[in-house]
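Residue numbers (this note's numbering), protein chains in the order written: chain X, 2 to 260; chain S, 2 to 260.
Hints may be right or wrong, so weigh each one.
Identical copies go unnamed one by one, so any copy, or any two together, can satisfy a pair.
[Stated by the list, open to error] No more than 16 Å apart at the CA atoms, straight line, and that leaves these computed lysine to aspartate or glutamate pairs for EDC-like:
#1 Lys238 <-> Glu117
#2 Lys237 <-> Glu117
#3 Lys62 <-> Asp18
#4 Lys83 <-> Glu67
#5 Lys83 <-> Asp18
#6 Lys237 <-> Asp18
#7 Lys238 <-> Asp18
In short, the hints are calculated from the structure, not lab data.
Protein chains: 2
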Amino acid sequence: MSLGKLYGIGVGPGAPDLVTLRAYELLRRLPVLAVPRPNAYSPSLAFRIIEPHLRTDGEQKHLYLEFPMTKDPDILVPAWAKAFLAIETELEAGRDVGFVTQGDPFIYSTFIYVYESLKAKYPELVIEVVPGVTSIAAVPMVAGVPLVDGQERLAVIPASYGTEELRSILRSFDSIVLMKVASVMETVVDLLEEEDLLDCAYYVERATTSEQRIVRDLRELRGNRCIYFSMVVVSKKRRNGVLRGHHVSKEPVSLGALL
Amino acid sequence: MSLGKLYGIGVGPGAPDLVTLRAYELLRRLPVLAVPRPNAYSPSLAFRIIEPHLRTDGEQKHLYLEFPMTKDPDILVPAWAKAFLAIETELEAGRDVGFVTQGDPFIYSTFIYVYESLKAKYPELVIEVVPGVTSIAAVPMVAGVPLVDGQERLAVIPASYGTEELRSILRSFDSIVLMKVASVMETVVDLLEEEDLLDCAYYVERATTSEQRIVRDLRELRGNRCIYFSMVVVSKKRRNGVLRGHHVSKEPVSLGALL
């Protein structure tokens, strides 16, 4: 029996119609979909995104796999082993499996661990990744603030892993995306205030879903509960504009002014 | 006559089926599509992406707009003024216009200039942005190399605007995406060699199209012509893995080793 094929399917930031045509076709066609969720009692955001697209003939198998949101190896290792085994069982039975992942599969996604682990265990396994709309694109969209253009530089930082170097990154980059910011929100607001960047910053949670929330004055978030799927973006817009090359002028030259 | 609505439609990196369902619906429905191209003699990549999806009843108007690839204001300003005027004429006639853009409309896209300019000129204009799959996600996908996970930090740099600070960025970030790298390729290869990062780097042009090219040994690119739509990605993979928090250990802890 030859192995099934594994797909890592990016399903975008939250809105079901931000799924790509390629992902849609696979969501309809594959015999098995693996859907990660934090635990048996929490809803899977990935499932909510794909639900309107699924076949209703009962012919498709849905594996709900638990990936606890913790860094404790005593919890994580057995949970992941169980999840991987469920996928391996399907692949070894020759069935193709689509692992559904919010956003893009190769950008801060649980799929990366599935990919690395199964690639190491089954060198002959065929894996196809379907890129998706990442929240790094969706969050600026819902806020109406272009992320980067021209010569601007972008830094993307998972803030929950420490804010030590954040000050120097805030100074040297034009746009800064802070992922998983909930647990360090107070520190981030303090730092942005000290660096006089509060006016360039905004907060978004659950972008493109019906529970989307946008906060443009980050001081409102002090003492306020933020969720895991939230992001702070800082867009300085001091070097944007294609006509503002570093060799042209240090002063802003906007096209509007030239026209 | 009320103004038409303006859409900025991200159509993804190149493969027609990496368009989202939302973009697809708009590409079929809107009365006018504005398609940027570098000049009248070059094919529009954006048009090649959307072509298979377009209605064939002749009822849709396609505006080809020229956005020359130069930073010379003497060429750029009149060309842009002409392009903007073509869009404004449609909007003022009450027709909705979809401006089609490769990748995502808010990430290094010509649409940003359209957006800023028309928002300033028509404060009442309704603009909707449809995010797309950015090449920042598609390039790691075609190379089979996860971009960032866990505590990894990502920097995205338009290399053509100078490589002065590139060495320090290469040292302090885990993954680095160098956009528009063609004109500075020799410098970049030298720098990666000096920093002993050639083994972690790869080059991709025209990702997800039929002309896609992947080069894994960047030394092959010395003296070789690279194209504008090309990218170099450096992925160090020295801090990846969710079990490798900075508070846990400085040594790599891979899940594979623990299982």
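For each hint, the structure was consulted:
1. Lys238 <-> Glu117: between (38 Å within a copy, 12 Å between copies)
2. Lys237 <-> Glu117: Between copies, since 15 Å is at most 16 Å while 36 Å is not.
3. Lys62 <-> Asp18: neither (22 Å within a copy, 25 Å between copies)
4. Lys83 <-> Glu67: For lysine 83 and glutamate 67, the Cα distance is within 16 Å only inside one copy (8 Å; across copies 55 Å).
5. Lys83 <-> Asp18: neither (31 Å within a copy, 33 Å between copies)
6. Lys237 <-> Asp18: neither (31 Å within a copy, 34 Å between copies)
7. Lys238 <-> Asp18: neither (30 Å within a copy, 33 Å between copies)
In summary, the numbered hints that this structure violates are 3, 5, 6 and 7.
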